[in-house]
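Same order as they appear, the protein sequences are chains A and B. The opening residue of the first sequence carries number 53 in this note's numbering; numbering runs sequentially from there. The opening residue of the second sequence carries number 49 in this note's numbering; numbering runs sequentially from there.
Mixed in with the good hints there might be a few duds.
As the list claims (entries may be wrong) - Result set (SDA-like, lysine to any residue): computed pairs, CA atoms no more than 25 Å apart in a straight line: (1) 347(A) with 401(A); (2) 372(A) with 417(B); (3) 372(A) with 205(B); (4) 245(B) with 151(A); (5) 366(B) with 417(B); (6) 347(A) with 390(A).
Unchecked claim - Computed Cβ-Cβ distance ranges for the label pairs, DEER-style: (7) 96(A) with 128(B): 53 to 61 Å; (8) 346(A) with 282(B): 47 to 55 Å; (9) 221(B) with 100(A): 33 to 41 Å; (10) 289(B) with 136(A): 33 to 41 Å; (11) 100(A) with 289(B): 54 to 62 Å; (12) 172(A) with 199(B): 51 to 59 Å.
Think of the hints as simulated: they come from the structure by calculation, not from any bench. In this text, a Cβ means the ideal position worked out from N, Cα and C, and glycines have one as well.
Each chain is listed here by its residues.
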Amino acid sequence: MKNRALALMAVALLLGSAANGQRDPEDDNVSVLQTRIDARDLGYPPVDVIPDGESGITSLSVAPNGNLYGATSGKRSHLFVLIPRHGYVQPLGIIPGATAVTNAVVVSAAGYVYIGTAPEGHLLKYAPRDEFHQKIQIGSPLLVTDLGQAVPGESIFALTLDRQADTVYGLTSPNTHFFEYSITRGKFTDRGVVAKKIPQGEKFEKDKMMSRMLVADPKGNVFASGEDGAIFRFNHETEKLEELGIHAPGIPGREPWTRVDAFLLDPSGIIYGGTSDGYLFRLDPEKLAVTNLGKPLINYRIAGLVRGSNGKLYGAGGGKDDMARLFSYDPISGAYEVPGFVDVNRRPYYSWRAYVIGAMASDDYGTVYIGEDERISKLYLFYPWP
Amino acid sequence: MHAIIKGAIRTLLLLMPAVLTFSGAALSQTVTVQYRFFDGLAQMDGNWAALKAASDGKVYAGLAYHGGGGHLVFYDSKNDKMVDVGDLTRLCGEDGLNLGPQSKIHAKFGEGKDGRIYFSTHGGMWWEYARFATPEGYPGAHYMAYDPRTAHVQDFGIGPRYEGVNTGAYDPKFNRIYGLTHPRAHFVYYDVTTGAKVDKGRINNFESICRTLGIDDEGNVYGSFGAGRVFKYDPRTDDIRELSVQLPIRPKGISLGRDYNKSETAWRVVVWDQEARKFYGVDESASILFSFDPHAGPDGEVQRLGQLSIPDLADSRKVPYATLSLTLGPDRKLYYAAAGKEFDYSGSAGLAASHLITYDLRSGKTRDLGEMRVPDGRPVIGTNAADMGPDGTLYFVGAITVEAKAGEQNYGGKIGDIPFRLALFIYYPKAD
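Same shape as in the complex, but just chain A (with noise of 0.2 Å):
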């Protein structure tokens, strides 16, 4: 009892500042490598920056012009604007109508920024022009071309694009519509619903299961996930919604409340995806088989999937009340890493930690960019190792 309890005391001496609320030496061991990692605020602090409480970045984008654009979720969204040349973000406008914007920013081949909007359900055109030599003004709505509500009565919950199509596609809440809109036709098309039903699940559980994500093959077929974790297809040829009889990966019985969070089309034609029990997976969208990848952390979710320019997946597990870890999948060796937390420790001129990730995304320079979902939320630039 008593080498128990100076055993106890000597951890204490060693451990007892961080149990104190503040940061040990040690935990620069437990997060991603400092040279490797760096963060941006949302603007120019402390007046030109999107405010706290409306700083949650929930989707990302790179255009082809490698610009990277993102939007936040919280009293008003934002969207905002990274220019790897220049390297800050630029805060671009309040969005109007949207308290929400969930991995539903997409651009176009042409340079056009799409944005499915919350609670309203419009899909919103954005016009790029000349962003860097604009004033940066916040409270200033942003202007932008509404294209009309996606399915009356519905929020938008997700886009993805077919740049060679030209035709966005996304998911609504809370009653899981797949929906098509033609830019060239300018018209939007109700393609049926991936979730009849709300799950069984306590009485509090509302919310029918739907991807978080959805992804485009190279063939223009878009993949999303549905009721039961059933993946469906839009048939790009037939114009059919499918439901095709594979499951995103996860423990027997957990089906019901499994959703992919994170879908990935990698150079390949392979389709990764993150399920909400924290499950990586390969689809093969042309064999349409689902192969489970194993669990990279112990946390749930995968709320982030992209690729490094040295071929490797990243992304980032962990939900709402959780601590975000990065990790990181070799499709060749198939080996997993765990970098640690996103973490960027600058002082005395800044740090903060992420511990929740609301969008991922990855550039041809190589960075990938992670969004922060928090009252207060920063976009952290990774560098992965070459």
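Could you slot chain B onto chain A? The hints should help.
Below, chain B alone, put in the same frame as chain A:
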């Protein structure tokens, strides 16, 4: 009696070198404080902020025990008796579950209109967050109330999941327990009347969570964040607003060579003065004393009033990280126990005597009353909580050195090789 005298002499001889070492000047001015150990709880290893001198004469303290259950205790000042209310893990109904224990009350208590003492619990060890949100990890802070009439603790259940309440305050006006969580720095509250548990989201980074929430006479809640900034929570709108006022903090960069662990960008402690309707506070970096008038204009007004560090250290880069030991007396004086060296129990930078510093709000004069010492001459090596009793008695919780006894856990930790034990310190300003 013979054995007691022998023991006292042995203690004195053992501690003599240390006493001389951490008396900067052998003949420096001293102020004598009484002390009471927490009987049966020698292994308790820290106390931060958790001290309340209630209206009925009971003085409540939360004692930390890293790796085990902390304890809620009170000192019955009328009967000169220390009472252990119990192990916090047990009081939370979590004993035997092998979860991360309820190791602390790490925030201020509050006294309700119903006479109950309200508080929140906190975890102790975080294991570099490797066990965060795991089945074996810390389950989360409980909101609780102790009723002195029935000696019963009511558990309102877990508030923030997996997180502790690092900083807190109770507001009797709105009957709410407020908190800032560790590690994710969320602003949370429990509405005792309605039972609502609310999370208003993140307010800061984990290493710079301010350690005191201030509540004004209208029930607005204030904290500091970022680089010396102040936020305001208004319970009428249920909204957080970031104010434009700026706290006086020492420029960043100076402190980092001294201690990696301290962010030093926030206020360390504030106290409300109902007479002036202002807060008085001390910043983390250099113990800079300031006033914050929340009613002056839409964003309030901050004024630098002076510095409450030990005068010889005031301009030094060695000025210790501020303590949480600030309180306001009925004599219109602020009382502050300034550390002689960075004090954080086992994480202290070394041994040094604390000084008792006063700031007279009427004259604006600061006075160093000298090294705080207990009657046998041992110095108070640090404190991190202070409160003023209704009769004007001043209380602190901190530590003094003790002699380690073979085969017995009679101390809470060590600073270097010197064992220390937690104690309640008592000072009577009128008698001085």
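The hints, checked one at a time:
no.: 1; hint: 347(A) with 401(A); verdict: violated, 36 Å
no.: 2; hint: 372(A) with 417(B); verdict: violated, 50 Å
no.: 3; hint: 372(A) with 205(B); verdict: holds, 20 Å
no.: 4; hint: 245(B) with 151(A); verdict: holds, 23 Å
no.: 5; hint: 366(B) with 417(B); verdict: holds, 21 Å
no.: 6; hint: 347(A) with 390(A); verdict: holds, 11 Å
no.: 7; hint: 96(A) with 128(B): 53 to 61 Å; verdict: holds, 60 Å
no.: 8; hint: 346(A) with 282(B): 47 to 55 Å; verdict: holds, 48 Å
no.: 9; hint: 221(B) with 100(A): 33 to 41 Å; verdict: holds, 37 Å
no.: 10; hint: 289(B) with 136(A): 33 to 41 Å; verdict: holds, 35 Å
no.: 11; hint: 100(A) with 289(B): 54 to 62 Å; verdict: violated, 18 Å
no.: 12; hint: 172(A) with 199(B): 51 to 59 Å; verdict: holds, 56 Å
Hints 1, 2, 11, counting from the list given before, are not met by this structure.
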